[in-house]
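Novice: Here the protein sequences line up with chains F and G, keeping their order.
Position 53 of the first sequence, counting from 1, maps to 53 under our numbering, and the rest follow consecutively.
Here our numbering runs 205 ahead of the position in the second sequence, where the first position is 1.
Hint data in this document are derived by calculation from the structure and do not stem from the laboratory.
Just so it is clear, the structure is predicted and the values come from calculations on it, not from any experiment.
Watch out, some of these pointers could steer you wrong.
Here are the computed distance ranges between Cβ atoms for each label pair [said to hold, decoys possible]:
#1 G:Arg333 - F:Ser24: 36 to 44 Å
#2 G:Arg437 - F:Asp84: 35 to 43 Å
#3 F:His195 - G:Arg333: 21 to 29 Å
#4 F:Ser24 - G:Ser453: 19 to 27 Å
#5 F:Arg191 - G:Gln523: 49 to 57 Å
#6 G:Arg333 - F:Gln150: 17 to 25 Å
#7 G:Leu515 - F:Ser61: 50 to 58 Å
#8 G:Gly316 - F:Thr66: 31 to 39 Å
#9 F:Gly103 - G:Asp331: 36 to 44 Å
#10 F:His195 - G:Ser315: 22 to 30 Å
#11 G:Ala530 - F:Gln109: 48 to 56 Å
For glycine and all other residues, C-beta sits at the position ideal for the given N, C-alpha and C.
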Amino acid sequence: MAQLSAEKRVLRADLHGDRIRAASGSMVAYEGNLDFKNAGMGGGGGMRAALKRAVAGESLSLMDVTGQGRAYLAKDAMDVLVVDLGGDTLTVESEHILAHTEGLRLDVQFAGLRGMTSGHGLATTTVTGSGQVALVSEGPVMALEVAPGQDLVVDPDAYVGSRGQLSMNLVSGVSWKSLLGEDAGEPFSLRFTGHGLVLVQSSES
Amino acid sequence: MTYPPPGQHPGNPQPGYGPPGYGPPPPGYGQPGYGPPPPGYGQPGYGPPPPGYGQPGYGPPPPGYGPPGPHGGPPGAPGGGAGGIPRTLSAQSLPSDDNVNPYVFCIELSGDWFMSKGAMLAYYGDVRFEAVTQYSSAQAWVAARFSSPVYVHDWVVASGRGKVLIGDRGFDLNSYDLDDGNLTIKANNLCAFSPQLELKQSIVPGFVTLIGTGKFIASSNGPVIFVEPPFRADPDALLGWADCPSPSVHHDAEWMTRSMLGGLSAAFGRVSGEERQYDFTGQGTVLLQSSEVAREDPAVLRLVESQTDLLSTSQAGQLGQRLIARAQQQQH
Numbered sequence: 001m002a003q004l005s006a007e008k009r010v011l012r013a014d015l016h017g018d019r020i021r022a023a024s025g026s027m028v029a030y031e032g033n034l035d036f037k038n039a040g041m042g043g044g045g046g047m048r049a050a051l052k053r054a055v056a057g058e059s060l061s062l063m064d065v066t067g068q069g070r071a072y073l074a075k076d077a078m079d080v081l082v083v084d085l086g087g088d089t090l091t092v093e094s095e096h097i098l099a100h101t102e103g104l105r106l107d108v109q110f111a112g113l114r115g116m117t118s119g120h121g122l123a124t125t126t127v128t129g130s131g132q133v134a135l136v137s138e139g140p141v142m143a144l145e146v147a148p149g150q151d152l153v154v155d156p157d158a159y160v161g162s163r164g165q166l167s168m169n170l171v172s173g174v175s176w177k178s179l180l181g182e183d184a185g186e187p188f189s190l191r192f193t194g195h196g197l198v199l200v201q202s203s204e205s
Numbered sequence: 206m207t208y209p210p211p212g213q214h215p216g217n218p219q220p221g222y223g224p225p226g227y228g229p230p231p232p233g234y235g236q237p238g239y240g241p242p243p244p245g246y247g248q249p250g251y252g253p254p255p256p257g258y259g260q261p262g263y264g265p266p267p268p269g270y271g272p273p274g275p276h277g278g279p280p281g282a283p284g285g286g287a288g289g290i291p292r293t294l295s296a297q298s299l300p301s302d303d304n305v306n307p308y309v310f311c312i313e314l315s316g317d318w319f320m321s322k323g324a325m326l327a328y329y330g331d332v333r334f335e336a337v338t339q340y341s342s343a344q345a346w347v348a349a350r351f352s353s354p355v356y357v358h359d360w361v362v363a364s365g366r367g368k369v370l371i372g373d374r375g376f377d378l379n380s381y382d383l384d385d386g387n388l389t390i391k392a393n394n395l396c397a398f399s400p401q402l403e404l405k406q407s408i409v410p411g412f413v414t415l416i417g418t419g420k421f422i423a424s425s426n427g428p429v430i431f432v433e434p435p436f437r438a439d440p441d442a443l444l445g446w447a448d449c450p451s452p453s454v455h456h457d458a459e460w461m462t463r464s465m466l467g468g469l470s471a472a473f474g475r476v477s478g479e480e481r482q483y484d485f486t487g488q489g490t491v492l493l494q495s496s497e498v499a500r501e502d503p504a505v506l507r508l509v510e511s512q513t514d515l516l517s518t519s520q521a522g523q524l525g526q527r528l529i530a531r532a533q534q535q536q537h
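Generate coordinates for the entire structure from the input sequences, incorporating the hints supplied.
Specialist: Laid out in structure tokens, this is it:
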């Protein structure tokens with residue numbers, strides 16, 4: 001079973017004759033006998049997901065890494081976090097996915113209005129199954145709890161992903177009046193209600 | 206400037222956090238007189254005041270963000286606990302007016318704070334953000350506190366109750382306490398300040414001055430380095446200065462000789478970028494950041510433009526022609 005481990009800003013992927021998927025162009029070095037090839041359209045999830053992705057503008061380009069050895073993966077010197085999934089679902093912005101092991105399935109979930117305002121795609125990616133997924137973030141990721149009566153509001157640019165029973169709404173932080181004529185810093189934010197966790201990075205740009 | 210007494214630090218919720226380099230500084234790194242840094246977490250250079258420094262305020266450092274505070278929060282709170290995901294923070298377990306990690310600061314909001322636009326990462330509670338321009342029409346104190354028309358568009362007032370997490374481009378964040386003092390800081394690096402402080406525009410372009418007693422949060426690219434004048438600083442690495450007179454511009458003597466031979470117009474062009482420095486004299490403290498990544502400050506354009514009022518019509522025309530020539534030159 002391939003093993004992902006984070007070492008600050010580099011991800012170490014140990015492969016034992018199996019396969020992982022990693023963001024295209026993220027390989028910085030490798031040892032052993034590894035094969036890198038473009039996973040083609042879709043980045044996993046098959047043709048249907050690829051089509052949804054194309055419609056939604058959620059871009060994700062992955063490559064297949066197979067063989068025996070160790071690959072070092074990194075992206076823009078961003079911090080790396082490895083999350084173990086045991087049959088549950090993680091919702092994550094596709095640009096934050098660095099790599100995932102074979103047992104996981106990536107799909108596209110439409111996010112409605114949110115994507116339009118944050119400049120990200122119209123959709124987010126869901127990761128389901130058992131295995132490991134490696135996320136990249138600007139600065140370390142904080143896991144913030146959402147519980148009934150404890151809503152969380154997040155800047156769209158700081159949002160990395162979430163897990164749990166959450167619903168997401170758009171809120172306008174700065175009043176509409178003040179939006180006129182000048183660029184307001186926090187025009188829209190995401191309000192999370194329900195029960196779960198929201199992953200937030202330390203940078204808003 | 207003071208650092209909050211140890212009692213105000215409920216402890217870092219992620220003990221042992223922090224990249225390399227957050228430990229004790231390498232030998233010879235700290236400025237003479239600034240003592241040893243708090244163990245583990247703190248910025249190199251914050252320490253007990255040197256004897257004879259006499260500045261009320263450079264208090265003892267927080268005790269190294271040692272034991273988890275009363276709000277430590279059990280690991281593996283509901284929803285968390287799965288492998289790999291960092292320890293879950295909630296509205297209760299977030300620190301109050303303290304760093305969550307080197308790059309994120311949590312403000313316990315109860316009332317109003319000034320915040321740089323876009324600094325907000327997330328918040329719990331009932332918080333409203335309103336542009337300073339909007340807010341000041343209803344609340345006269347805002348206009349009195351925020352006396353910088355150039356920067357007014359880049360700031361919002363956060364009001365309400367809750368915990369607000371702020372960050373700035375993933376830079377290091379630090380909070381500073383001013384105790385009836387003044388501190389001038391690069392406007393780009395100021396993230397938030399409490400409304401007890403007064404903000405004024407510094408004479409040096411791109412810098413703002415905070416006056417009074419209160420708390421502010423500023424970012425730095427790399428740890429902050431404290432230096433005492435007399436000192437010359439690279440303009441890009443300069444973060445700010447406290448209690449000392451505004452700097453004058455110093456030009457490298459050799460460069461001056463050459464530019465005088467080469468004609469006065471060369472005085473506008475910087476060649477290597479190192480021949481121009483800010484010269485500090487007098488009593489006080491100079492703050493430096495360890496990197497010189499510059500970011501375009503939209504306010505500088507407004508600032509320079511407002512200064513062109515000083516020019517006569519023909520001078521303004523000359524300046525316009527020179528700027529056009531420069532823009533054309535850079536296109537090629």
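Novice: Taking the hints in turn, state whether each one holds.
Specialist: A quick look at each hint next to the structure:
Hint check: G:Arg333 to F:Ser24, Cβ distance near 42 Å, so the stated range 36 to 44 Å holds. Checked against the hint of 35 to 43 Å, the C-beta distance between G:Arg437 and F:Asp84 comes to roughly 52 Å, which is inconsistent with it. For the hinted restraint 21 to 29 Å between F:His195 and G:Arg333, the CB-CB distance of approximately 25 Å keeps it satisfied. In this structure, F:Ser24 and G:Ser453 break the distance hint of 19 to 27 Å, their C-beta atoms being roughly 52 Å apart.
A hinted range of 49 to 57 Å for the beta carbons of F:Arg191 and G:Gln523 is consistent with their spacing of about 54 Å. For the hinted restraint 17 to 25 Å between G:Arg333 and F:Gln150, the CB-CB distance of approximately 18 Å keeps it satisfied. Against the hinted window of 50 to 58 Å, the Cβ-Cβ separation of G:Leu515 and F:Ser61 comes to about 53 Å, which satisfies the hint. Separation of G:Gly316 from F:Thr66 is about 58 Å and departs from the stated range, judged on CB atoms against 31 to 39 Å.
Look at F:Gly103 against G:Asp331: about 42 Å separates their beta carbons, and that is inside 36 to 44 Å. Separation of F:His195 from G:Ser315 is about 27 Å and conforms to the stated range, judged on CB atoms against 22 to 30 Å. Between G:Ala530 and F:Gln109 the beta carbon distance is about 54 Å. The supplied range of 48 to 56 Å therefore holds.
Figure legend: structure checked against the earlier numbered hints; hints not met, in rising order: 2, 4 and 8.
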